[in-house]
Structures are given as structure tokens and as C-alpha cells.
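Colleague: Each chain is listed here by its residues.
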Amino acid sequence: DQQVKQNSPSLSVQEGRISILNCDYTNSMFDYFLWYKKYPAEGPTFLISISSIKDKNEDGRFTVFLNKSAKHLSLHIVPSQPGDSAVYFCAASGGSNYKLTFGKGTLLTVNP
Amino acid sequence: DAGITQSPRHKVTETGTPVTLRCHQTENHRYMYWYRQDPGHGLRLIHYSYGVKDTDKGEVSDGYSVSRSKTEDFLLTLESATSSQTSVYFCAISESAGFSYEQYFGPGTRLTVT
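Chains A and B, in that order, are what the protein sequence lines are. Quick note: the first sequence uses the working numbering, first residue 1, plus one each step. Quick note: the second sequence uses the working numbering, first residue 113, plus one each step.
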């Protein structure tokens, strides 16, 4: 049973436009959410996170939105740059342990 | 960048042979994790450690064992490698101070079992 779902395997956008990556979760115990970026042949790198007490967190060009009632979060990248082309993983954690549950990832391609 | 190294970075081995992957950190973080990444599956947790000699299973632990005898080292062992264990393996660490769950990943080990 997949608890964190990224339903779009891939997304293609033009440079300068907004990229919106989506993530849905099913476990009501999740209370902290993270986004990771991964380039080929490298480890994932932490990008941005949000706790369930917030509905928005912003860091430069990256903003994460959380809709708890819909169990949905999204990552907005504005403006998108070719260097943003990578696989983006959504992850969630909750309860007293420190494990993360990851989605399957979305491949973002930003075209010049 | 967090100080995490993995060794070896690439390995080809035959079915039935034992394999040990090593993760080494210089951050003195309490928590360490082993994941595997496969196409169509994202990142899946194999085992994790919450302190020296304290480990627990993740969602895909069958066929794997781990050991942590020092804070800085976390070993993943495939007792008898199978072709289904061909994958890219990532180690991660976290400190989990306060309300923070960020994990930081190593560069990965690509393992091929023939």
C-alpha cells in the first residue's frame, strides 16, 4: 500500500515558467513533509520541508504548499531553470520514529 | 554537504556471494539508514539504526542484515546476493534534534548481481 504517491512520473516545462510537482499521502499520522532533488549518479539532496502546523513554506524559488484536509502537498518552482531538471521525491514522516516514506519520484525537465 | 561516504561506489558480484556495503559519516549523527532505489519504486527503506548496536527493519529488509558497532559506521550485508538485489543503495543520516526529520544522503553504491 503506497502511503505517499506522486502520480506524475514526469513533467516538462519551459525555462522561466512555473513548475508544479504534486504529492498525495494517505497516512493521517504524517506530520512532516519533505522534498528532495536527485541528479543522475548522485544521492538525493534535501530541498525544502514543511510541518503540519503550517500550510506554506518558502525558500527562494521554491515554495511548498500543504493542504491537510486533502492530504496533498505541492512544490512550486518559480522561475524554473534548466539546472532544476532532476527527479524530485516527496517524503513524509510522522509519529515518534524518524523514518521517511518516499514517493516514487517525478522527473522534471526544464527546457531552455 | 554532510560528511557521508559510501564504499564501494560500484560493485559487480555473482549470485550467492556475500556482499558488504559500508557507510561512514563524520557528522556524529545518531540516526543512519540504508535505502535502495529501483525504477518505478522510488526510495525504499531497508534497515535503519537509532544508535550504536540499535537497529530495526524497514519495508524491504528480507535478505539484508546490518550492523553498527561505532557511531560513524553502518554496514549493510547481503548474506547471499540474488539478482533481485541489483540496485543502487543509498545511506542516509539524520540528527533529529527537535522537530526536524531531514535526512542527508551519501553518493550511493551501484550493485550488480550477475
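Bear in mind the hints are in silico, worked out from the structure with no lab data behind them. Certain hints may be false.
[Said to hold, decoys possible] The calculated lysine-lysine pairs, modelled on BS3-like cross-linking and capped at a C-alpha distance of 30 Å, are:
id: 1; chain 1: A; residue 1: K99; chain 2: B; residue 2: K165
id: 2; chain 1: B; residue 1: K169; chain 2: A; residue 2: K71
id: 3; chain 1: B; residue 1: K169; chain 2: A; residue 2: K37
id: 4; chain 1: A; residue 1: K5; chain 2: A; residue 2: K99
id: 5; chain 1: A; residue 1: K99; chain 2: B; residue 2: K169
[As the list claims (entries may be wrong)] Sample of chain A residues facing chain B (criterion: CB under 8 Å; computed from the structure):
id: 6; residue: Y32
id: 7; residue: L34
id: 8; residue: Y39
id: 9; residue: P40
id: 10; residue: E42
id: 11; residue: G43
id: 12; residue: S49
id: 13; residue: G60
id: 14; residue: F62
id: 15; residue: F65
id: 16; residue: Y98
id: 17; residue: K99
id: 18; residue: L100
id: 19; residue: K104
id: 20; residue: T109
id: 21; residue: P112
[What the hints assert, rightly or not] Taking beta-carbon pairs under 10 Å as the criterion, some of the chain A residues facing chain B (in silico):
id: 22; residue: K38
id: 23; residue: P82
id: 24; residue: G94
id: 25; residue: T101
Here the structure is a predicted model, which means the values were calculated and not measured. Idealized CB from N, CA, C, for every residue including glycine.
Colleague: Does each hint fit the structure? Answer for all of them.
Modeller: Quick rundown of the hints versus the structure:
1. K99/A - K165/B: With a Cα-Cα distance of about 18 Å, the restraint between K99/A and K165/B holds, given a limit of 30 Å.
2. K169/B - K71/A: holds (27 Å)
3. K169/B - K37/A: Answer holds: K169/B to K37/A is near 25 Å, not above 30 Å.
4. K5/A - K99/A: holds (17 Å)
5. K99/A - K169/B: holds (11 Å)
6. Y32: holds (5 Å)
7. L34: Hint holds; L34/A Cβ to chain B Cβ min 7 Å, cut 8 Å.
8. Y39: violated (11 Å)
9. P40: violated (10 Å)
10. E42: With a minimum Cβ separation of about 6 Å from chain B (threshold 8 Å), the hint on E42/A holds.
11. G43: Holds, about 4 Å.
12. S49: holds (6 Å)
13. G60: Hint violated; G60/A Cβ to chain B Cβ min 17 Å, cut 8 Å.
14. F62: violated (15 Å)
15. F65: Check failed: Cβ of F65/A comes no nearer than 18 Å to chain B, outside 8 Å.
16. Y98: holds (5 Å)
17. K99: holds (6 Å)
18. L100: Holds: closest Cβ of chain B sits about 6 Å from L100/A, inside 8 Å.
19. K104: holds (4 Å)
20. T109: violated (17 Å)
21. P112: Constraint on P112/A not satisfied, violated at 27 Å.
22. K38: holds (8 Å)
23. P82: Violated. Min distance 22 Å.
24. G94: Holds - the Cβ of G94/A comes within 10 Å of chain B, reaching about 9 Å at its closest.
25. T101: Constraint on T101/A satisfied, holds at 8 Å.
In terms of the numbered hints stated before, the structure departs from hints 8, 9, 13, 14, 15, 20, 21, 23, listed from lowest to highest.
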